Amino acid sequence: MASLAEATTRSEAAERPRVRPLIATLPAVAWLLAFFATPLVIFAVYSLLTNQLYAVGTPFTLDAYRDALTSTLNRTLARNSLEVGLSTAAVTVIVGLPIAYWLRFVAQRSRIAVLFLIAASMFASYLVRIYAWRTVLGSRGLINSALDRAGLIDQPLGFLLYSRFAVVVALVHIFLPYVVLVLYAGMGPLGDGLLEAAQDLGAKSSLLWRRVIVPIMAAPAFSAFVFVFILSAADYVTPQFLGGRDGVTLGVQIQQNFIGVGNWPLAAATSFLMLLAFVAVFAVGSFILRRLKLSDIRLSS
Amino acid sequence: MQGRRAPVPTAITIGALLFLFVPLAIVVLFSFNSTGSLTFPFAGFSTRWYRQIIESAAFRDAVVNSAFVGGVVAVTTLMLGTLAAYGLTRASTKLRTPIAVLLFLPLTLPGLFLGLSLLVLFSRVEVNLSLGTVMIAHMVYVLPYYLLIAVAALQRLDPALEEAGADLGANTWLVFRRVTLPQVWPVLLAASLLAFALSFDEFIITFFVIGADSTLPLFIFSTLRRTVDPSVNAISSLLLVITLALFAIAFVLTLRGSKTAGLSIDAEPIGGTAR
Amino acid sequence: MSDPASAGPRVRLRDVAKRFGEVTALEDVTLDIDDGEFVTLLGPSGCGKTTLLRIVAGFERPSAGEVLLGGDDVTRVPPHRRPVNMVFQRPTLFPHLDVAANVAFGPRIDGLSKAEIARRVDEALTLVRLDGFQPRRSHELSGGQMQRVSLARAIVNRPQVLLLDEPLSALDLKIRLEMEVELRRLHREIGGTFIYVTHDQREALALSDRVVVFNQGRIEQIGAPNEVYRRPASPFVARFVGDANVIPVDVDRVDDGAAEVTVGGHRFRTPASDVMGPAWLVLRPEVVGVSVPSDDRALRGVVRDLSFRGTGHSYRVVVDGVRDPVKAEVSGGSGIDLGATVDLTWDPEACRLLPRDLDED
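Chains as they are written, first to last, in our numbering: chain P, 1 to 301; chain R, 1 to 275; chain X, 1 to 361.
Just so you know, the hints here were simulated from the structure itself, not pulled from any lab data.
All figures in this text were calculated on a predicted structure; none of them were measured in a lab.
A portion of the hints provided could be inaccurate.
So the derived label-pair ranges between C-beta atoms look like this [said to hold, decoys possible]:
1. X:GLU123 to P:ARG18: 30 to 38 Å
2. R:PRO159 to X:ARG218: 25 to 33 Å
3. P:ALA283 to R:GLY132: 36 to 44 Å
4. R:THR93 to X:VAL181: 41 to 49 Å
5. R:LEU107 to P:ILE288: 21 to 29 Å
6. R:ILE14 to X:ALA118: 27 to 35 Å
7. P:ILE288 to X:GLU66: 19 to 27 Å
8. P:GLN256 to R:VAL228: 22 to 30 Å
9. R:SER222 to P:PRO59: 33 to 41 Å
10. X:ARG218 to P:GLN108: 55 to 63 Å
11. X:PRO78 to P:SER286: 41 to 49 Å
12. X:LEU177 to P:SER223: 49 to 57 Å
These stretches of chain R come out as covered by chain X in the derived footprint (C-beta under 8 Å, 3 or more residues) [claimed, not checked]:
13. 152 to 161
14. 164 to 173
15. 178 to 186
For each residue, glycine too, the CB sits at the ideal point set by N, CA and C.
Using the sequences and the hints given, assemble the complete structure.
Take a look at the structure:
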């Protein structure tokens, strides 16, 4: 009898196809098809056409892809992008976790205020942040002048600005608030009750972390990581202002190919190769994650 | 609920807050510097840079343009996004998945892609770049963010209320207008303010699809390349104030929206919240 | 209150069936409800009663069959165009409106004048005894008050049929009992047709003119409360309504008008019944007497459970040859302890026999 009730509600939800409301999505869908899907398709097609300097033409060719893949410059830049992307993602997630933890389990009256501050900092303008870090990290910026005044250094630290370090710092500044909020939201299931129940059942701290906290946090942490990785690896503005020579990334190159050099197929091909790399990273990461979580569950029984 | 003593996370949180706000504070600080220097020591207090940029016609044009674009984007996103969110949450069919994927996909692609592909589209159909093309691009960029909020808000509503409305004689449109909307309008308004802010501050995509006009971020960009004086700080500070003010309003609206519909925004209610 | 012009039943359900994929929620439901009746759909969770109510309301479409209201076929009519109104299980008051605006919701949509709306709202609130509550908001109301506002909101539209989906199940017992009295009074005053859904058989017996007992999507019995209680048509109804003992027995030797029933090695005679052979003996707990052993031919057993009920005692007696413990309710004092051996007795006229399939249980 109870199973009938269960089955009814379950299949009720599944079996009552209501298609008509979807009509409401039509305007948005049409807009995105026209101005998102179509441009991307055209862009993809461009990657297979011949370069005609700020234009493209037939014949169809794989030259652009070949050039993109064989160029040693691209390889260096790709490595830079990878480094910047992974570093930024890693730092934001690793730093973000204790902050989310603090918000969830330690904070009391200050929680709303800190949440507000963190969310507010997301709204600080992108360019303003880059500019701010250029000031702070510069040879006469905040850090160097402070260290100089304190007598700790004679020469300003050069690596602070116009380096991959500077790019990562600025990108972390940009993405940290977002990561903290995602992780904080992901901690929702970790209600006080759950942790106390686990402790009541004898779980020590380390066990608690491995068997309860990590599996629940793995998914939000992973999606935050991938999101930040993709956006920071593809960023082309931050490296321009803060990257110097060593900090040039693939995004900058793509932008220059398109606007500066006029080789549209190459820019397109590089873009799609980069996209492919992102998808690969996401797939590999998901795979690893699933493997880890599976083995976790098996061991616990 | 008790707070635990956890010195390390607390220290990291404080450090992070400093990390996030000190650089911005310095930008604001130096916008009031009486000399043209951007390095310590701070010379003296002056509003000359603000006066300088406010007098600049280019700056005023850029602000107006950004506001205009932002306004149009906010309004259109409100309309398209609310409809789409309604459709997504009220339909139950397998068709829903591909539509949702399409609508949320722009979130996953870096602005570089959106900007370049739109530029390609516009060149293909021989449309001149202008504020109009910027609006088109922003709407694509902003829509998924709006949807995230709107879908969550609509999903939290009690479906029984809509059934009650229908039972009492309201057709689909009336149910939406008299039952659904009154409960979610603060959140939707907050989401459209967010859309405005996102558009106002957008640079990465705008860079590719803008014509001769300038928006405020573009203006900052070009100023950054030309000059190295606190006028940039002044512009930046103004931009910060505007976007932070928008955020504060949206935040208050969201809190109020939760109360209207009887929901709670936190992951868990703070100890002591009466219900 | 309802439209008096149409002759015939107010609600007709013809061969209504509802399937959700593989699962059949309702089958072969045919039912007529007369104008002004208070009918309860009774059954355990998942038996389909709520689904049927929602079909009448228009929130579900039947997979087969028809629904007629006041003579009109409304099977395909959407809920907002049906002349019925529903009170839901959870109070579904609109949080953004005060009580008056909530109640005025339906009339407003009908486009009545402001004066007329106000008049009807006051009338409806007075009927549910909440006059003066107009400006209050839902968070200021208790559960019982919220349900009364829901009632007012429904009846203000003067529906042909009022549907109630377990409206009292979320309330405390004491409030529930008070609300039952209110509902009966309301029904008398309005004179409307009420269809009520509940799993609480006590409630169903107390409120209804007729009870429809559902089991796994099918109607097992329709009848007045008295009828369903005293003359259950099947073991299921017997067990569900009144929690009777339903004991497998054998009936034989119909002899000059009497039948002999064998139960657990004990035999007794009852007035003639049509039922022969394998049968079910239906004994309501309150007709079973429990006494100190005296007659060796009586049904004897051991008290396995005993609880005090205020008005008397409730026993569960394990009897050899009978699978389930026999339930007995005896008023007054006891004097019988847990574990004691006792005789069970009953008036042969007070029991009931039902035919039994050998593969049933």
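Hint check results:
no.	hint	result
1	X:GLU123 to P:ARG18: 30 to 38 Å	holds (37 Å)
2	R:PRO159 to X:ARG218: 25 to 33 Å	holds (29 Å)
3	P:ALA283 to R:GLY132: 36 to 44 Å	holds (38 Å)
4	R:THR93 to X:VAL181: 41 to 49 Å	holds (46 Å)
5	R:LEU107 to P:ILE288: 21 to 29 Å	holds (23 Å)
6	R:ILE14 to X:ALA118: 27 to 35 Å	violated (59 Å)
7	P:ILE288 to X:GLU66: 19 to 27 Å	violated (58 Å)
8	P:GLN256 to R:VAL228: 22 to 30 Å	holds (23 Å)
9	R:SER222 to P:PRO59: 33 to 41 Å	holds (39 Å)
10	X:ARG218 to P:GLN108: 55 to 63 Å	holds (57 Å)
11	X:PRO78 to P:SER286: 41 to 49 Å	holds (44 Å)
12	X:LEU177 to P:SER223: 49 to 57 Å	holds (53 Å)
13	152 to 161	holds (count 3)
14	164 to 173	holds (count 8)
15	178 to 186	holds (count 4)
The structure is inconsistent with the numbered hints 6 and 7, although it conforms to all the rest.
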